[in-house]
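A.B. asks: Here the protein sequences line up with chains A and B, keeping their order.
With our numbering, letter number 341 in the first sequence gets 341, and the count goes up by one each step, no holes.
In our numbering, each residue carries its 1-based index in the second sequence increased by 377.
These aren't lab readings, by the way, just hints derived from the structure by calculation.
The structure presented is a predicted model; accordingly, all values stated were derived computationally and were not measured.
Between beta-carbon pairs, the in silico distance windows are:
| # | chain 1 | residue 1 | chain 2 | residue 2 | range |
| --- | --- | --- | --- | --- | --- |
| 1 | B | T596 | A | A34 | 25 to 35 Å |
| 2 | A | R12 | B | R545 | 49 to 59 Å |
| 3 | A | R319 | B | T544 | 53 to 63 Å |
Sample of chain A residues with no beta-carbon within 12 Å of chain B, all distances over it, derived:
| # | residue |
| --- | --- |
| 4 | A113 |
| 5 | Q180 |
| 6 | L193 |
Every residue, glycine too, gets a C-beta built ideally from N, C-alpha and C.
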Amino acid sequence: MTPRPLALARLRPELMATITAAAAVLATLAVAAALLALGGHSPGDAFAALARGAFGTWDRFVSFTLVRATPLLLTGLAVAFAFRARVWNIGAEGQLHAGALAGVAVALALPGAGALLVLPVTLLAAAAAGALWASVPAAMKTGMGVGEVITTLLMNFVALFLAQFLVQGPLREARGVFNQTDEIPAAAHLPALLPDTRLHLGFLLGVMIAVGLWLYLARTPGGFRLRAAGASARAAEVSGRFSVTPVIWLSFLVSGAIAGLAGWIQIAGVTHRMYEGLSPGWGYTAIAVALLARLHPLAVVVTAIVFGALSAGGGAMQREAGVPEVWVRGIEALVILAVLTADRIVQGMARRAAHGGAPRRQRSGEAGTAPGGAGVQ
Amino acid sequence: MTDLAALSSFLVAAVGLAVPLALAALGETVSERSGVINIGLEGSVIWGALGGALGALAMGPYAGLAAGAVAGGLAALAFAAFAVRLGTDQIITGTAVTIGSLGFTGAVFQSRFGATGLALELQTVPAWEVPLLSRIPVLGPAFFEQAVTAYLAYAMVPLLGWFLFRTRWGLALRAAGESPEAAHAAGVPVVGTRMLAAVLGGAMAGLAGAHLSLVHTGTFAENMSAGKGFIAIAVVVLGRWRPWGVFAAALFFGGAEALQFTLQALDADLPYPLFLALPYVLSLAALAGWFGRSRAPEGLALPWPR
Numbered sequence: 001m002t003p004r005p006l007a008l009a010r011l012r013p014e015l016m017a018t019i020t021a022a023a024a025v026l027a028t029l030a031v032a033a034a035l036l037a038l039g040g041h042s043p044g045d046a047f048a049a050l051a052r053g054a055f056g057t058w059d060r061f062v063s064f065t066l067v068r069a070t071p072l073l074l075t076g077l078a079v080a081f082a083f084r085a086r087v088w089n090i091g092a093e094g095q096l097h098a099g100a101l102a103g104v105a106v107a108l109a110l111p112g113a114g115a116l117l118v119l120p121v122t123l124l125a126a127a128a129a130g131a132l133w134a135s136v137p138a139a140m141k142t143g144m145g146v147g148e149v150i151t152t153l154l155m156n157f158v159a160l161f162l163a164q165f166l167v168q169g170p171l172r173e174a175r176g177v178f179n180q181t182d183e184i185p186a187a188a189h190l191p192a193l194l195p196d197t198r199l200h201l202g203f204l205l206g207v208m209i210a211v212g213l214w215l216y217l218a219r220t221p222g223g224f225r226l227r228a229a230g231a232s233a234r235a236a237e238v239s240g241r242f243s244v245t246p247v248i249w250l251s252f253l254v255s256g257a258i259a260g261l262a263g264w265i266q267i268a269g270v271t272h273r274m275y276e277g278l279s280p281g282w283g284y285t286a287i288a289v290a291l292l293a294r295l296h297p298l299a300v301v302v303t304a305i306v307f308g309a310l311s312a313g314g315g316a317m318q319r320e321a322g323v324p325e326v327w328v329r330g331i332e333a334l335v336i337l338a339v340l341t342a343d344r345i346v347q348g349m350a351r352r353a354a355h356g357g358a359p360r361r362q363r364s365g366e367a368g369t370a371p372g373g374a375g376v377q
Numbered sequence: 378m379t380d381l382a383a384l385s386s387f388l389v390a391a392v393g394l395a396v397p398l399a400l401a402a403l404g405e406t407v408s409e410r411s412g413v414i415n416i417g418l419e420g421s422v423i424w425g426a427l428g429g430a431l432g433a434l435a436m437g438p439y440a441g442l443a444a445g446a447v448a449g450g451l452a453a454l455a456f457a458a459f460a461v462r463l464g465t466d467q468i469i470t471g472t473a474v475t476i477g478s479l480g481f482t483g484a485v486f487q488s489r490f491g492a493t494g495l496a497l498e499l500q501t502v503p504a505w506e507v508p509l510l511s512r513i514p515v516l517g518p519a520f521f522e523q524a525v526t527a528y529l530a531y532a533m534v535p536l537l538g539w540f541l542f543r544t545r546w547g548l549a550l551r552a553a554g555e556s557p558e559a560a561h562a563a564g565v566p567v568v569g570t571r572m573l574a575a576v577l578g579g580a581m582a583g584l585a586g587a588h589l590s591l592v593h594t595g596t597f598a599e600n601m602s603a604g605k606g607f608i609a610i611a612v613v614v615l616g617r618w619r620p621w622g623v624f625a626a627a628l629f630f631g632g633a634e635a636l637q638f639t640l641q642a643l644d645a646d647l648p649y650p651l652f653l654a655l656p657y658v659l660s661l662a663a664l665a666g667w668f669g670r671s672r673a674p675e676g677l678a679l680p681w682p683r
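Starting from the given sequences, assemble the full structure and let the hints guide the process.
C.D. replies: The following block contains the structure:
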């Protein structure tokens, strides 16, 4: 999970993490090419069409790839931050919906207000709603010892049905035709970031949050505590230096707030209204985005653009090379599996280097550095 | 009389919707009891639906059900090869399997039937009326005029209860889930046990998927699993990791879903999305201990060997 090459060849962790990520991407391309060929498609044509759709022109890159990358960037940051503390928040999808609903509700409740008031207030409301949604699993984990994997997953469904209820009932558009909200007032629209493109301020906000999280993690005592708790919660507790409970709360709340922003920013920047099925599963794809970035906030910017490009290029791949767009989802899955496998290989090598063989025997002292181990309870 | 008829049709729908949830959730119960949480269960369901459809086209509906189970088991085998054999994180691996399965089933379907989504018509599995039992008023038609998948689900409840809690193999499996260290020390092959449990769980989820394509709809559509695999994980929680509880929880989830259609049919202006959310809220309450002590197996999602 975290960049963790240990003693391996004395390489800098960042360098090693970059190498494994690059190797995973290459492996994915190779496997995807083989599968495409097996499916009767030309891998070269498919990849070329995908690249043209994602990067072919300035407008394709900015108005499609970067716009599609924005919700993945924010949810990816949310997941990466929580995972750094070993908080397995797979509830970004639900937190995103909570944030989207709160932002829309507030924006619709302030019809006459100016942008200088509406934008900060709606962004705050969305962040607060996302954090609130994350606070239920946080309370259950810290107060009752109930693992967050199942609780965050359950909260996703509650959020989806709540959204369904609100767009069918209380927040339904005035003309009452579709299950969607009214359009938000123009003052609540996020301004364009570049002239003559569809790119909105949300992308810049995402990059700023990435920088902020990186500075927090790398440069502050709180960030150090969070990384220490992530490396080994037990060691952190036993050392007596600090309690992990506040750290867990912080990672849940910050993670939820960023995911909440993702939902509202998508509406304020792109759709301008809330409807059923707003997200095609960004909260889950975010796990791949964060994982490929090795949970590093700045790297999330890059991997979100990679996944945004996959999404933007998928349509072109279907139109120009006749490869169904659904292949993109398969490629996403292959990336995750390749990264996990590369990590296991590196870890096995490191362990052999450190212990001189027998890598598959259990050593309880290493529990904190073992991969995965979400520990449901 | 109309009230009784409405109740009866509601129950028929509820049981029909509960059957795939029960099958998948009973399978996931076995998997989780061995220490493996398979978030990729959704992948097994969609592969089961596609495998069922292709199998039915080739050899008829009953062969389709078998093909669906095999397809779901293979998806779980892929998951277990990474998450159990290689020891990658179960949650992330499962997410990948789900995402990839939704993508690749769509790719296979489109390459076979074209991208325009030509409506596929499959011969469905007929309902079997159980003599006498189906004559019970109201409950009879609901429980005993169902397809073979429903009877398989009923049969699995006592069978799994006996297997998990009354046999040595069941004990070994639960030991692998509670404390892989102790199980290993006692000579239980933890990796093999967990792989088998995960594959069995996937096969049952695949059967659930085949139920969707061959009993419920008579067709295949992309993403037709519609979260059933995820819901099954919630069903296991509400059922507190016990076969009888899981079956009851599946009926409850199925009932909440059926209520939606009944309310729509009655033109009742009730907020049915809130009914749909209710089972999930109750699952959270169950985890919080509102209905007595409820906890997941201690070793759930922990890799072995570490």
